[in-house]
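Peer 1: Below are the chains, spelled out letter by letter.
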Amino acid sequence: MTPNLHKALSEISKSVDYLQTTIKVNNTCIHFSYFNSLISHEQFHHDLLSYIHISECEINSINDLKALIPNEAIKVSSTIEEISQSLAQGSVFIQLEPHLNEGLLIDIAELKLGHRGYNDTENEFSVIGPKVGFVENLNTNLTILRRGLGTPKLIFEEHIIGSVSKTKIVIAYMDGITNPQYVNTVRQRLVDLDFDVVFESSLLEQLITDHSNSPFPLFLHSERLDRIMYSLLNGEVAILCDGSPVVITGPANIFNFIISPEDYYLPWILGSFFRLIRYFGIVFSTLATSYYVAILTFHYTIIPRDLLGPIIESRVNVPFPPLLEVLFLEIVVELLREAGARLPSKVSQTLGIVGGIILGQAAVQAGLTSNILLIIVSLSALASFTTPTFKLSNTIRFLRFPLIVLASCWGGLGIMIGIMFILGHLLRLKSLGAPYLVPLFPFRFKSLRDNIIRLSYSFSSDRTLFNRPISKKRYTLQKNKDIEDDYNNE
Amino acid sequence: MQKAVKENHTISGYFVFFLISVSQTAAAIFNFQCLVAGEAGHDAWISILLMGLSLHLIVWMIYKMLGHPAKDVIDVNRSIFGTWLGNVISLLLVGYYFIMALFFLRAYIEIIHVWVFPALKTWAIAGLMILMIYYFVSGGFRVVAGVSFFFMLTIPLLFLFYIPFQQGDFHRIMPVLNHSLLDLLKGAGISSYIFFGIECLLIYFPFLKQPDKNRKWAHFALLYTTIKYVVIILVTVMYFSQGLLQHTLWPTLAMTKIIELSFIARFEFLYIFMWVLVIIPTVCIPIWCCTRIIKRVTTLKPRLSLPIVLIVLFIIALMFKERTEISALEKFANVMGLWFNFAYIPLLFLITIIFLRPKPKLS
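Protein chains in written order, with my numbering: chain P, 189 to 678; chain L, 4 to 366.
Read the hints as simulated data drawn from the structure, not as lab findings. Please note that a few of the clues may not be correct.
Which stretches of chain P does chain L cover? Using the computed rule of at least three CB atoms under 8 Å from a CB of chain L, they are [to be verified]: (1) 488-495; (2) 589-601; (3) 628-639.
Calculated cross-link-like contacts (lysine to any residue; reagent style SDA-like; alpha-carbon spacing at most 25 Å) [as the list claims (entries may be wrong)]: (4) K231/L with F343/L; (5) K212/L with E324/P; (6) K9/L with G621/P.
Even for Gly, the Cβ is constructed at its ideal location relative to N, Cα and C.
Excised from the complex, chain P in its bound form (with noise of 0.2 Å):
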């Protein structure tokens, strides 16, 4: 043994899960060194122990015993920094007596334990279609994605990241499909990257963005299967992280984010308009309030007049200017999904109840809020929750504060102001390198059909165009002359 070599092995051996072993086999000292609580006993025993006990012949080198130990994961090393590595990942380290300066790496990593086995998309939930989401384990999830697309034009690329956690990364894209710039700059970024633990893919995510001083997300996040398959089908590039049940894909557009997979296991016609719902409710939920307090401050004319009544008698005996009153309600459906979401599943549904109606009932008739101001923020909180992915919908919950402020500080031309830095802000976006409010700007009109609405699988046979796809047709047309003709056959 090398001095080197030895003084790296006895450092690991501080730890107490460390392990040191040695048989003897045909006079040949065998030395195994493992971290016990990383390797699978069972392959150690059936799989490695039991060939090298059972063999007949003389071991006199390493090759002879990687010769005799039927697994692919097994190499000759003699670098400390590789030893060390994969003895941390889960490998096992082989000495033999004579030859202690090299040894073999056998790779026996336990890999089913501390995992969850399935994970059922609860955060992304959809009555219609696959409830199959990700889990933390990164071979289970690369399994159910080759599974589910079934195609070898899918091709998973590996990286390292991480000074410290070496945690594995996956690009995966579609080989012919996707465009290979979008693939470079992902491969460049991961590559540039300088990190020492990578927790949650959607750290990776902040790591590589376009512009990390924005409230909205670049990248669509995702457990589930089906999203992801229809993100990697359309020209997108994505990012698998070992360790964490999130996918991320880019390029992403503002879109994306409102689009559910649910809209394409309806009929168009259904699915169309739930998504002209979303629309309308991220609109509302913006908005509403602020408008509120631009209309009650400044601009009260705006009201008819038969209008303009129930509002100033509910608002009657309240003690504070509209401001306050909007941002005192906001503040508290702030702080009860913040504590909806900290508490046990069980707990939060009381305090739902005793949050929502209690509290809104007794503010109302303590004279702190108006009735029409409570219906507006519990609509507008509402309306926030129908955006189907979790980042867009914080963003926007966000926004409503600059929003509320500028409002009671210039009206309706604060709000336009707001509004306006906000299309400013989405106008200078890009994600990947790609602009994020395509297909509104710059504009495709082609793209409308399948990206703001959903029209009918009949005219959304290509790809998302602004995604650049190297081949753009995903399924051709065939009438289907199944169908009966009622009125021909007549």
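Assemble the complex: chain P is given as a structure, and chain L must be docked to it using the hints.
Peer 2: Coordinates of chain L only, in the frame set by chain P:
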């Protein structure tokens, strides 16, 4: 000759439609009627039609002059007047675009003062607007073009003119052609400021992809503007009597005042606020043109020249206090625009066509 604009900075050729039609919408839509009708009476719509149609010729000239290969007016100036004098003339254009931007911005601030917030300080509104303009223009030409696309959201508001139209009296536009040709031409001349915006094409022309193929969109934009203004002035003339029209400062807003739905009254507020969507790109485009010229003629980078231009804009916008001053600015801008469109551009065009014919291609 400048290097060709990088491909990722260019925009699709048909975007010229939005760029032109948004600048021609501006705040002038609120008050152009009384000026034109002051000269041409109830035949004002003919004046506007004349003006709109004659500008098609100018657009044709611009496309003819700047195409093959795509260049901007700075190159044309240089090749006609020589590098030194050409640069001086190009720098004078900065002043022209600057006054255009100033006029658009100040006219809108005045409307906000008169109709919505009489007590709000000018510097507050101007400061907010200029901050926004900085944010857009510093994003580059694509962002400016992008924001001008979203003025489409205000187009549905035009259909609301149906309500004052119902109240109008058709006989007020009769008899047609009751005014002399001179009156009509005077009216056309005074209406030139509502067509401001095609001049910016001189600067952003190289940023358009396949300009020749999309030339029709520039004409469509002009046609759209002409039809829009003709319709509005017809509705106005039918709605107001000539005497009342002379004493109404913002006839468009006064007409929208009568619209009332079950959940919203005082529609003019909606108009005024939605018009931020129009005003911002209208001011952004000339300001961008200013920085572009400065960048091409001197070595000053837009990062430096943009704040300077905007600060000057802010200070000068604050100097206008009374209606008479703004109206003088309006008249000045109008005369200047008229000369620019009907003297400067045709002059350049004629010189380019006659003296600078494309020579047989060298290798």
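Peer 1: With reference to the structure, classify each hint as holding or not holding.
Peer 2: Hint by hint, here is what the structure shows:
1. 488-495: holds (count 7)
2. 589-601: holds (count 4)
3. 628-639: With 4 residues closer than 8 Å to chain L, the stretch 628-639 of chain P meets the three-residue bar; holds.
4. K231/L with F343/L: holds, 23 Å
5. K212/L with E324/P: violated, 47 Å
6. K9/L with G621/P: Roughly 15 Å between the alpha carbons, so the hint for K9/L and G621/P holds.
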